[in-house]
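Undergrad: Sequence:
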Amino acid sequence: MNGVNVPALTVFVLFFVLVTVMGFLASRWRRADNAQHLDEWGLGGRSFGTWVTWFLLGGDLYTAYTFVAVPAAVYATGAAGFFAVPYTIIAYPLVFLFLPRLWSVSRVHGYVTPADFVRGRYGSKPLALVVALTGILATMPYIALQLVGIQAVLDVLGVGGGENANWFVKDLPLFIAFGVLAAYTYSSGLRAPALIAFVKDTLIYIVIIVAVIYIPMRLGGYGHIFDAVGEKFSAPKSAGSLTVPENKQWTYATLALGSAMALFMYPHSVTGVLASKSRNTVRRNMAIMPAYSLMLGLLALLGFMAIAAGIGKGDKKFNAQLSVPQLFENMFPDWFTGVAFAAIGIGALVPAAIMSIAAANLFTRNVYKEFLKPAATPADETRVAKIASLLVKVGALVFVLTMDKQAAINLQLLGGLWILQTFVSIVGGLFTRWFHHWALFAGWAVGMIYGTWEAYDIASPATKHFGGNAAEIPGIGELGYIGLTAFVLNLAVAVTLTLVLRAVKAPDGPDETRPGDYSAETGDEELKNAPEPVAAH
Numbered sequence: 136m137n138g139v140n141v142p143a144l145t146v147f148v149l150f151f152v153l154v155t156v157m158g159f160l161a162s163r164w165r166r167a168d169n170a171q172h173l174d175e176w177g178l179g180g181r182s183f184g185t186w187v188t189w190f191l192l193g194g195d196l197y198t199a200y201t202f203v204a205v206p207a208a209v210y211a212t213g214a215a216g217f218f219a220v221p222y223t224i225i226a227y228p229l230v231f232l233f234l235p236r237l238w239s240v241s242r243v244h245g246y247v248t249p250a251d252f253v254r255g256r257y258g259s260k261p262l263a264l265v266v267a268l269t270g271i272l273a274t275m276p277y278i279a280l281q282l283v284g285i286q287a288v289l290d291v292l293g294v295g296g297g298e299n300a301n302w303f304v305k306d307l308p309l310f311i312a313f314g315v316l317a318a319y320t321y322s323s324g325l326r327a328p329a330l331i332a333f334v335k336d337t338l339i340y341i342v343i344i345v346a347v348i349y350i351p352m353r354l355g356g357y358g359h360i361f362d363a364v365g366e367k368f369s370a371p372k373s374a375g376s377l378t379v380p381e382n383k384q385w386t387y388a389t390l391a392l393g394s395a396m397a398l399f400m401y402p403h404s405v406t407g408v409l410a411s412k413s414r415n416t417v418r419r420n421m422a423i424m425p426a427y428s429l430m431l432g433l434l435a436l437l438g439f440m441a442i443a444a445g446i447g448k449g450d451k452k453f454n455a456q457l458s459v460p461q462l463f464e465n466m467f468p469d470w471f472t473g474v475a476f477a478a479i480g481i482g483a484l485v486p487a488a489i490m491s492i493a494a495a496n497l498f499t500r501n502v503y504k505e506f507l508k509p510a511a512t513p514a515d516e517t518r519v520a521k522i523a524s525l526l527v528k529v530g531a532l533v534f535v536l537t538m539d540k541q542a543a544i545n546l547q548l549l550g551g552l553w554i555l556q557t558f559v560s561i562v563g564g565l566f567t568r569w570f571h572h573w574a575l576f577a578g579w580a581v582g583m584i585y586g587t588w589e590a591y592d593i594a595s596p597a598t599k600h601f602g603g604n605a606a607e608i609p610g611i612g613e614l615g616y617i618g619l620t621a622f623v624l625n626l627a628v629a630v631t632l633t634l635v636l637r638a639v640k641a642p643d644g645p646d647e648t649r650p651g652d653y654s655a656e657t658g659d660e661e662l663k664n665a666p667e668p669v670a671a672h
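Letter by letter, the sequence shown follows residues 136 to 672 of the numbering used here.
Any given hint could be a false lead.
[Stated by the list, open to error] Straight-line distance between alpha carbons at most 35 angstroms, and here's what the computed DSBU-like set of lysine-lysine pairs gives: (1) Lys383 / Lys451; (2) Lys367 / Lys260; (3) Lys508 / Lys640; (4) Lys599 / Lys367; (5) Lys383 / Lys452; (6) Lys448 / Lys367; (7) Lys599 / Lys383; (8) Lys504 / Lys521; (9) Lys508 / Lys521; (10) Lys367 / Lys452; (11) Lys599 / Lys372; (12) Lys260 / Lys448; (13) Lys448 / Lys372; (14) Lys383 / Lys367.
Because the hints were derived from the structure by calculation, they are not lab data.
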């Protein structure tokens, strides 16, 4: 980089200070009588209304990495990078069918994590444990990628002392951002990212609306932009295209579908949903969340604008992840570049906080309380969750500082594959108790092993292993998303083994839920007096 962009850095720091203050003040926002309870720290007291939940979920799902990676994919590959748009369009009608049911049963029984629900529904500690560990495993690289997003902004801003600086000076800004994030998450819990999400989402909408109007005006209009993109992707040996090639259409479609199914299996997504104050809040949010999909489509166009602006042209080693930050610095006035970079930076802090809280909730409820200290009090759970959230963030920071960024990207792709394998246990359990818990365990294991093994064998120019997410679909012969293929195998094994286990009358675990739990609204007092559920047979 050509030195520090002082005006942009000043604006960036001002917004960073603003959200830091908000993060600490959030501990006083809607303060409960008893703050030493995991419902309060880890779920914001389950009190968020429609708009708070909308901003929280938007801040949770549309991250700094989304801001950087989606346009970067479009910049590098063209039309294939737009897969994120249809997958979010598919996701919301899909989850509208089951998230209200998950909210209701969780509210009745006090479930904090999806693994809590699995434990209650199937009466199986091993199944709940693997669901919890899968959630933690899939979340860790996702947190690391938020830090990668911050690093991309800091690189373009020119802070950190440059490539020749020692490692501590170079990464000092990242250490500071991490320290502040850890501190206000520890003190305020989920209330901190919920409050900061208002600033983050407002900034992102402002930046994108300005970008899709202002940048094309400077580049000669959208006609010129698409001409430049067509010229790039029609060149010999081009890595991308303006349309999805016929031999990649199965990959595009299965990746969109599999990603849509996985989106709300992530623990941080479920945490945002369970923090809602009512079933109708969840339903309303699934109806209005597609507004973010419109934003995502406009965001993806920034990749084409970077091509037309000549970002990275002629530089074979240019990192596509820097295409949008560099575009902003080249096109915007310095002060607005600071606003744009603040949007990306805050867009990393919000989801990183929620993800670390979600992972901490899983560890506390489904490992610590279940296996290490069953008699833990609510205060014990809150204390352990706070410590666990710090350790999760430290792990993500160490990962970013010690491993190649490509490894973080590869593991995040694996995270989507892994978390999809919990779909059968969670979503299946919301509608039926037919599946046997050992069949679900076996299906999960087959999906995890098959998917990881297939991904390991994929090479790319950047890496020998885990270099992609598509492989030949058995029996069809087309290239498709490995995660969805693994899910189909997972489901097939679960169905087959359930039939066998039911036929031999294998004992099943008790189901602590009742049919009415899945449609309960806030304050359904009759549920408290209902008879206890009968153990499954």
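Undergrad: For the pair supplied as a hint, lysine 508 and lysine 640, confirm whether the alpha-carbon distance does not exceed 35 angstroms.
TA: holds (33 angstroms)
Undergrad: Is lysine 508 within 35 angstroms of lysine 521, Cα to Cα?
TA: holds (16 angstroms)
Undergrad: Given the proposed pairing of lysine 504 with lysine 521, does the C-alpha separation stay at or below 35 angstroms?
TA: holds (14 angstroms)
Undergrad: Could you grab the alpha-carbon distance between lysine 383 and lysine 367 and see if it respects the 35 angstroms cut-off?
TA: holds (19 angstroms)
Undergrad: Starting from lysine 383, check that the Cα of lysine 452 is at most 35 angstroms away, please.
TA: holds (26 angstroms)
Undergrad: Has the given pair, lysine 367 with lysine 260, been kept, meaning a C-alpha gap of at most 35 angstroms?
TA: Roughly 54 angstroms between the alpha carbons, so the hint for lysine 367 and lysine 260 is violated.
Undergrad: Hinted pair, alpha-carbon criterion (35 angstroms max): lysine 448, lysine 367. Please report holds or violated.
TA: OK: lysine 448 and lysine 367 at ~10 angstroms, within 35 angstroms.
Undergrad: Holds or violated: are the alpha carbons of lysine 599 and lysine 383 at most 35 angstroms from each other?
TA: Measuring from Cα to Cα gives roughly 21 angstroms; hence the hint holds.
Undergrad: Verify the proposed pairing of lysine 367 with lysine 452, using a straight-line Cα cut of 35 angstroms.
TA: holds (17 angstroms)
Undergrad: CA of lysine 599 to CA of lysine 372, is that 35 angstroms or under?
TA: holds (21 angstroms)
Undergrad: Given the proposed pairing of lysine 599 with lysine 367, does the C-alpha separation stay at or below 35 angstroms?
TA: Holds, at roughly 27 angstroms.
Undergrad: For a C-alpha distance cap of 35 angstroms, please report whether lysine 448 and lysine 372 respect it.
TA: holds (15 angstroms)
Hint compliance for this structure: hints 2, 12 are not met, and every other hint is.
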